[in-house]
Amino acid sequence: MSIGERIRQRRKLLQITQLEIAEQLKMGRSNFGHIENGRVTPSSSDLQKIADILQTNADYLLGRTDDPSPQGAAAGLKTYPEWATSKDKRDLKKMLQSPDVLYFDGIEFSDEDRAKMLGVMETIFWEAKKMNKEVNRKSREKKNNRNNKEL
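Okay, so the sequence shown: first residue is 1 according to UniProt numbering, each after it adds one.
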């Protein structure tokens, strides 16, 4: 389930409108709708605010845990998606430690900007990794189906 799908699911569960959340985030309803529809990835600060409004935790919204309780992340639950392999975790660590991540156009990011950027990059990394695994799984299934038909 994507970030937007988890946000929508929690919002509907709590019977909160998009407009109510958008107002609390000081953004337009359509902007919040773009987050729910997956067209826009929320910043780490907006993600935390959304988690607070929806009485959950950011790790739940990111798909890192299936525990929606507000203390989920603080309770020492894993910070990686349950499907992540050791290689996936190493790939993320390698990407986030890349020196290119620290600079843009020769200018070093501030610690605050870097933290925000790394949070967004981590979110995108896990979404891309999950989509890639799904594409590979479907490709293998298709190939297996073709091989089974040939037998």
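In case anyone wonders, no lab produced these hints; they're calculated from the structure. Some hints could be false.
[Claimed, not checked] Calculated pairs, BS3-like style, for lysine-lysine (alpha carbon to alpha carbon, straight line, at most 30 Å): (1) Lys138 with Lys149; (2) Lys89 with Lys143; (3) Lys49 with Lys94; (4) Lys116 with Lys129; (5) Lys93 with Lys133; (6) Lys138 with Lys116; (7) Lys49 with Lys130; (8) Lys130 with Lys87; (9) Lys94 with Lys149; (10) Lys149 with Lys93; (11) Lys138 with Lys93; (12) Lys143 with Lys116; (13) Lys12 with Lys116; (14) Lys87 with Lys143; (15) Lys26 with Lys89; (16) Lys138 with Lys94; (17) Lys94 with Lys116; (18) Lys116 with Lys93; (19) Lys116 with Lys142; (20) Lys49 with Lys138; (21) Lys87 with Lys133; (22) Lys133 with Lys143; (23) Lys12 with Lys93; (24) Lys116 with Lys133; (25) Lys89 with Lys142; (26) Lys89 with Lys149; (27) Lys130 with Lys89.
[Said to hold, decoys possible] Restraint-style ranges between C-beta atoms, simulated for each label pair: (28) Lys12 with Glu108: 39 to 49 Å; (29) Lys94 with Arg140: 22 to 32 Å; (30) Gln55 with Glu150: 34 to 44 Å; (31) Arg137 with Lys12: 21 to 31 Å; (32) Asn132 with Glu23: 31 to 41 Å; (33) Ser69 with Arg29: 22 to 32 Å; (34) Asn147 with Pro70: 24 to 34 Å; (35) Val135 with Glu82: 15 to 25 Å; (36) Glu134 with Lys89: 17 to 27 Å; (37) Lys143 with Asp91: 22 to 32 Å; (38) Gly33 with Asn147: 14 to 24 Å.
Since we're looking at a predicted model, the values are computed, not measured. Virtual Cβ for every residue (Gly too), placed ideally from N, Cα, C.
*So which of those numbered hints doesn't the model satisfy?*
Structure breaks hints 6, 9, 10, 12, 15, 19, 20, 23, 26, 30, 34, 38.
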